[in-house]
Structure formats: structure tokens, C-alpha cells
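Q: Go by the hints and put chain L onto chain G.
Chains G and L are the protein sequences, given in the same order. Read in our numbering, the first sequence has 66 at position 66, and its numbers run on one by one without any break. Read in our numbering, the second sequence has 173 at position 173, and its numbers run on one by one without any break.
Simulated from the structure, these hints should not be mistaken for lab results. Please note that the accuracy of each hint is not assured.
Stated by the list, open to error - Now the stretches of chain L that chain G is said to cover, found in silico as 3 or more residues with beta-carbon under 8 Å:
hint: 1; segment: 10-20
hint: 2; segment: 25-39
hint: 3; segment: 50-59
hint: 4; segment: 82-95
All C-beta atoms in this analysis are idealised placements derived from N, C-alpha and C, irrespective of residue type, glycine included.
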Amino acid sequence: MTERQTWLRRLAPAVLVVVLAVALSVASGSSAEFANPAASTGDLAGVLDGVRDGDVVLVGFDPDIGTYAEVRPTVRALLADVLDRGARLAIVSLTPEGRALAIMERARLVRAGVEADRLIDLGFIPGAESALVALARQLERPTTGGAVVVLAPAIATEGVELGVVVGGNDLGPRTWVEQLLPRVDALRLVAVAPSVLLPELQPYLASGQLDALLATPRDGAAYRAGLGAPASALAPDEGPSALAILVGMLVAIAVLGAAVGVRLADTLRLARTRETP
Amino acid sequence: MSGFFGSGPADQLATWIAAIATIAVLGGMLGERRVFAWSQHLLAGLATGFLGLLAVSEVIVPRLLEPLAAGPGGRPELLLGVGLVAAAAAAPWLPRVVAAVPLSIAIGALAAFALGGAVVGTLLPQAAAALARPAPTAGATLAGIGGAAITAFVLVGFVHGTPRGRVMAAAASTGRWLMLAGLGGWLGYLLFSRLVLLVDRIAFLVGEWLGLAP
Chain G
1 MTERQTWLRR LAPAVLVVVL AVALSVASGS SAEFANPAAS TGDLAGVLDG
51 VRDGDVVLVG FDPDIGTYAE VRPTVRALLA DVLDRGARLA IVSLTPEGRA
101 LAIMERARLV RAGVEADRLI DLGFIPGAES ALVALARQLE RPTTGGAVVV
151 LAPAIATEGV ELGVVVGGND LGPRTWVEQL LPRVDALRLV AVAPSVLLPE
201 LQPYLASGQL DALLATPRDG AAYRAGLGAP ASALAPDEGP SALAILVGML
251 VAIAVLGAAV GVRLADTLRL ARTRETP
Chain L
1 MSGFFGSGPA DQLATWIAAI ATIAVLGGML GERRVFAWSQ HLLAGLATGF
51 LGLLAVSEVI VPRLLEPLAA GPGGRPELLL GVGLVAAAAA APWLPRVVAA
101 VPLSIAIGAL AAFALGGAVV GTLLPQAAAA LARPAPTAGA TLAGIGGAAI
151 TAFVLVGFVH GTPRGRVMAA AASTGRWLML AGLGGWLGYL LFSRLVLLVD
201 RIAFLVGEWL GLAP
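Same shape as in the complex, but just chain G:
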């Protein structure tokens, strides 16, 4: 590789960053353009309409730092929506990464003015799948002195109305469906997950094991677009710029296409060389 090619190879990502920055500066910064009212997200509105003032909503918070940027606006809008309906959130994490992000989001909500007693912190439960089994047992037979999981008194006495699972990590919506649903009767589950988990989670939505699923920026944007103004104070995140993502995807497709094209051209060149006597 020549020195010029080396420099070009190094500069290409910088050019991409600059192009994306320009796209961000030009665009409005909203991802509402993604919104599609026909998005198949399940019965999200119906499930949320069932949440009443004072209900406890169990939030399984285990996103992945690498993909959290994609779901963050939707997660914040959903939490704000649930809080706006007067519910209390009981936040639990099964992974250290999820716990770190849960602490951050809880602190943000407290800073935004949500009363701390409406944000019940169940903390981090170690044990992966077995932690969910312990949580399920506690939800079924609530006591305040469990061996593994110590539920807050509010949950122990009143029960949980709805489960919201923020996925992305190893222990996400699939694990909740597999470990919690067979053990806890009549618990409705809503999941928010990054696009990469869509193929894994869509069958659960189709079978009705998940009541609702927001697993793409498009679905998230559609949900956020349908929300009213009250939730905006708790969810200031507008989401990624549609123009910047479109530009990035076009660049990615061009790079992949160029790689395939070069390979094809090499194959043709080799074939011609063989044919030439």
C-alpha cells in the first residue's frame, strides 16, 4: 500500500465523521421522520391504558452501553409516559452494565423533579437466570425478607401491574419471557430493545408472550410522536437525526458495495487472464 493510500484510508473515517456532523447541524435533530403510524408494536396503548394511578411498574433495566443510544429516547419517553400516568417505577438490573445505566437514568429522573419514592430502587440482583427465578418467586409469594431478592414493601403488598424490560444485554426480554412469565401469572410484559434484537424478539410479540415491543428507531419514533407534551419535560431526548442516519447508511452501503465490486472485478480480471493464451 502506498503512502497516499494509507492516508486516504485514515482520512476516510474522518470525512464520514465530518459529513455526519454537517448532516446533524443541517437537520432539525428529530427522528420523528422515521415514525410510521402502522408500525407493528403490539398492544402498547392498551397495556399502558391499564396502568392506574399508584400502580407499581417493574422495570427490568439491562440495556447494553453499545446500543443504548438507539433505544434511549424511547426508554425515556416510555418511563415518562408511565410516570405521567401516576405509576411508580420499581427498577431492577441483572447485569452490572444495566445497573450503571439504571443509576444514571434514575438520577436523571430525580433531577427532573420526580419524587424519589416513586422510583423504587431494587438494585442489582446477581445470578443471571436464577436471579429472575428468585424475583419471580418473590412476586408470586411476596415477603419482605427474601433470601435473594428483597422487594420493596410497596411491591410486596400491592403487587406489580406491568413489567417493562429494557433489553440489549444478555439478560433481556427473551430471558424475562423464559424465566418470569411461566412463573408469574397475568404479568403483562412490554419490551424496548435495539434493532439487533428484533429478529429474536418478534416471535414473542407474534405469540402474545410480549404484549408490546419497541425494537426499532422507527417504532420508537412512532410511539414518541404519539405522546403528548406532558412527558417532554422528563424525556428531553429527541433521538438521532434521521438525515444523519440516512447519510451514514448510504455511506455504509457504498463501502460494502465497493468491496463487493472490487472482488467481482478481481474475479473477472483473473478469469480473463486465464482465458488469454
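A: Quick look at chain L alone, frame taken from chain G:
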């Protein structure tokens, strides 16, 4: 807006540190490996520190020491757990049969929960949902048949060794290609997720740090 930081002096400082770390990571793309490596070490150090803090403050103290201090006799399972942890820690000096016990219990329990959950929570409900449709449309039926066929081909693709017979070999080859197509689709989703992350980081630099975005 990421909403991570407020407007106080500490938040301003945090914004600057986050911006510098973001630039250091992006600099890795341009070939600046030393600063990039430093940022990786910083992340590893922070993650290790956080894990230690989490282990002490949310696991060892509240779930082990406090219950034991309250009444050691009432919690024999915790004492058993401590014994297993001690055996795992002392594994290099213990006979192999004893050292294998804690690891075997951990792997066995994990596999049992995961496998049991997969059967009870995924396999059976999904099979029931696929078989018992209240009013199947032609498209849904075709999709179901297609899904079943793809599953069968991919399973045949995993047949150990070379499949015997031309039909089986063709089915196995089809299964492998279908699996590759699936992996390609999954990589497409992954690319999209990572692109959103890149856009988010650039938005942080342009908007929250430089204040240039509208």
C-alpha cells in the same frame, strides 16, 4: 440532548471529560492508537472499579454479611455458599474432585435454568403459537411453512460430518446458505445499531459540547 449532564460546574467538567474521551476514541479511526489505548484502559479501569463497588455494596454486604451478622444459624445456605466460594478460590491447592464441585454447581444450575426456560418459555409456547392459529390467512400459512422449511434446512446443515446422499447434501448446503443469509441480515441490524451510536456521539460533540446543532 443525551440528558446525562446538567448545567452546573461539575456537569460542565463532566461534559468536557466525556468529549475528550469521545475524541480519543474517534481518533483511533485516524490511526492515533496511543490515546485510543489510554481510553480503553480508562474504560477497563472504570468498569473494574464499578464491578468491585457493585460486588461489595450490592452483593457481599447486603446479601451475605448483613444476613449472617443478623443470625448465622438461620441462614445455612449462605454458609454453604461461602464454603463453595472458598473452595473455588482455593481450587489450585485442592484435589481436583473437590475443586470441581463449585464450578460444576454453577455451570449445572445455569444450564438447568437456561435450558428449562428455553423449553418452557420459548419452544413450547412458540410451537403452540405456530400450530394453533385461530384464523390463518394464506400469507400466514405460507410464512409458517417457509419458517418451518428454513428451520429444517438449517438443522440439517448442522448434521455432524458429511451428510450422506445427494438430497441430504443439497439440503445441508441450502441450510448453511440460509444461515449465512440470516447472519447477513443480523449484521445489517448490528451495523444500524452501531451507526446510531456513532451519530449519537457526534451529536453529543456537535450539540452538547460545541453547541452548534440546532
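Q: May I ask which of the numbered hints given earlier this structure violates, with the numbers listed in increasing order?
A: Of the numbered hints, 1, 4 do not hold.
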